[in-house]
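2 protein chains.
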Amino acid sequence: MIEITSLTNDKVKYWSKLNKRKYREEEGLYLVESEHLVKEALNFGIVECVMTVSEDEYDVPTYHVTKEIMNKISELESAPKIMAVVKKNKIKDIEGNVLILDRIQDPGNLGTIIRSAVAFGVKNIFLGEGCVDAYNSKVVRSSEGMLFKINLLSGNVLNLIEKLKNDNYRILGTRVTDGLEVKKINLFDKWALIIGNEGRGVSEEVLNSCDDYLYIKMSDNCESLNAAIAASIIMYELNR
Amino acid sequence: MIEITSLTNDKVKYWSKLNKRKYREEEGLYLVESEHLVKEALNFGIVECVMTVSEDEYDVPTYHVTKEIMNKISELESAPKIMAVVKKNKIKDIEGNVLILDRIQDPGNLGTIIRSAVAFGVKNIFLGEGCVDAYNSKVVRSSEGMLFKINLLSGNVLNLIEKLKNDNYRILGTRVTDGLEVKKINLFDKWALIIGNEGRGVSEEVLNSCDDYLYIKMSDNCESLNAAIAASIIMYELNR
Chain A
434 MIEITSLTND
444 KVKYWSKLNK
454 RKYREEEGLY
464 LVESEHLVKE
474 ALNFGIVECV
484 MTVSEDEYDV
494 PTYHVTKEIM
504 NKISELESAP
514 KIMAVVKKNK
524 IKDIEGNVLI
534 LDRIQDPGNL
544 GTIIRSAVAF
554 GVKNIFLGEG
564 CVDAYNSKVV
574 RSSEGMLFKI
584 NLLSGNVLNL
594 IEKLKNDNYR
604 ILGTRVTDGL
614 EVKKINLFDK
624 WALIIGNEGR
634 GVSEEVLNSC
644 DDYLYIKMSD
654 NCESLNAAIA
664 ASIIMYELNR
Chain B
434 MIEITSLTND
444 KVKYWSKLNK
454 RKYREEEGLY
464 LVESEHLVKE
474 ALNFGIVECV
484 MTVSEDEYDV
494 PTYHVTKEIM
504 NKISELESAP
514 KIMAVVKKNK
524 IKDIEGNVLI
534 LDRIQDPGNL
544 GTIIRSAVAF
554 GVKNIFLGEG
564 CVDAYNSKVV
574 RSSEGMLFKI
584 NLLSGNVLNL
594 IEKLKNDNYR
604 ILGTRVTDGL
614 EVKKINLFDK
624 WALIIGNEGR
634 GVSEEVLNSC
644 DDYLYIKMSD
654 NCESLNAAIA
664 ASIIMYELNR
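Residue numbers (my numbering), protein chains in the order written: chain A, 434 to 673; chain B, 434 to 673.
Keep in mind that the hints were calculated from the coordinates and are not lab data. Be a bit skeptical, because a hint or two may be false.
Copies of the same chain look alike in the list, so a pair counts if it works inside one copy or between any two.
Within a straight-line C-alpha distance of at most 20 Å, the following computed DMTMM-like cross-link-like pairs (lysine to aspartate or glutamate) qualify [as the list claims (entries may be wrong)]:
#, residue 1, residue 2
1, 571, 510
2, 453, 508
3, 520, 481
4, 616, 645
5, 556, 473
6, 582, 653
7, 472, 653
8, 616, 670
9, 617, 670
10, 582, 656
11, 571, 539
With the hints as extra help, turn the sequences into a complete structure.
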């Protein structure tokens, strides 16, 4: 175990930088905070561990730091005892169903969507341009370790839809009322579901390229559901 | 419209205090931030409006304040142009189905649960001891105005369950795997659904007093769903 006590140590600066999307993208790395997530991450490519305690040691380079250093690096209100630098997921070719996210902005929503996707057997999440970074610390936390288990891709949604259509995917858009009631649909063989921005829904040009439109039946008293709730209910139904 | 420019004005201090649960409970009032929510709240008991703009005027006492004052009162990262002091919902006797929350801690989860409850026809939410305050600004925001439309009660969960049982309610607990698969259940005439704490689920003594246990079928890769997601999927199914 390597001891670090100075707040201005280069390693400390380096870890802090990983809280910024730009550095995560440059390095292909991100931070995972707190013991239960670090343990989950162990099977998925930990580069190094940082901890204020010294009991636990994992089979990776481990740094023992002061609480002040941990406070500096951590994005949590109360800094954890352990965090890890983790390699971003390896990007694989798409096999199986796809959840496409069109400008999802809220990190808590994205994390929750990732968690539900794994729960309901969705293997691939495609983050369109304008989505929050999936390796943002709040996304990582709210995914409860499910981030490690999903194939995460990103890029232009319209290009992806074109490719998927050539591969006989059914492209499923979502609207608040109009379309097929999700509870009553027949199941599709290969599908890609598109969930849109929290306030504005799926963008019009993306919506225009869909094959079908799904909606969730609800009371007239309520205009719309939270994006993570809508995504989860539809994935739950498509997985039945 | 009354003009206020001093950060130390008594009204400003009073509004700021409403960000604390204790004062909201003493006053029976809470703050609603941003125009679309203030407009929704108009039908549900606005006491007064506070705004930095002067175009809009509602039919209630209205205060024109500086941006600095708004920043001081607001809990948002970027302060809104309008907020309102709103009367807490009138508490009504329980009629119809009930969602019981056992130590739900995350304000975003609670707001999302309230929004889904209204969407899926649940009329009453009972907040057990140890729940986050429903009039917390983050709850109000994430409920997207649905907070105004639901009967919110609070107190001891075990006492409530006893009363509901005497009134022939079916008490539905939730567990991660064990019990009735929610997709396959027969519908109940009168039910109360219990959703537990984000990390620890429903407490044991509450769980022991349930008539049935529901679970949502999911992949072995995922241990559990987010509490708001689980609550929403079950309410969605019970409302079919």
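Hint-by-hint comparison with the structure:
no.: 1; hint: 571 with 510; verdict: both (12 Å within a copy, 17 Å between copies)
no.: 2; hint: 453 with 508; verdict: within (11 Å within a copy, 24 Å between copies)
no.: 3; hint: 520 with 481; verdict: within (10 Å within a copy, 52 Å between copies)
no.: 4; hint: 616 with 645; verdict: within (14 Å within a copy, 24 Å between copies)
no.: 5; hint: 556 with 473; verdict: within (18 Å within a copy, 39 Å between copies)
no.: 6; hint: 582 with 653; verdict: between (37 Å within a copy, 12 Å between copies)
no.: 7; hint: 472 with 653; verdict: between (45 Å within a copy, 18 Å between copies)
no.: 8; hint: 616 with 670; verdict: both (7 Å within a copy, 9 Å between copies)
no.: 9; hint: 617 with 670; verdict: both (9 Å within a copy, 13 Å between copies)
no.: 10; hint: 582 with 656; verdict: between (33 Å within a copy, 12 Å between copies)
no.: 11; hint: 571 with 539; verdict: both (9 Å within a copy, 14 Å between copies)
In summary, the structure agrees with every hint in the numbered list given earlier.
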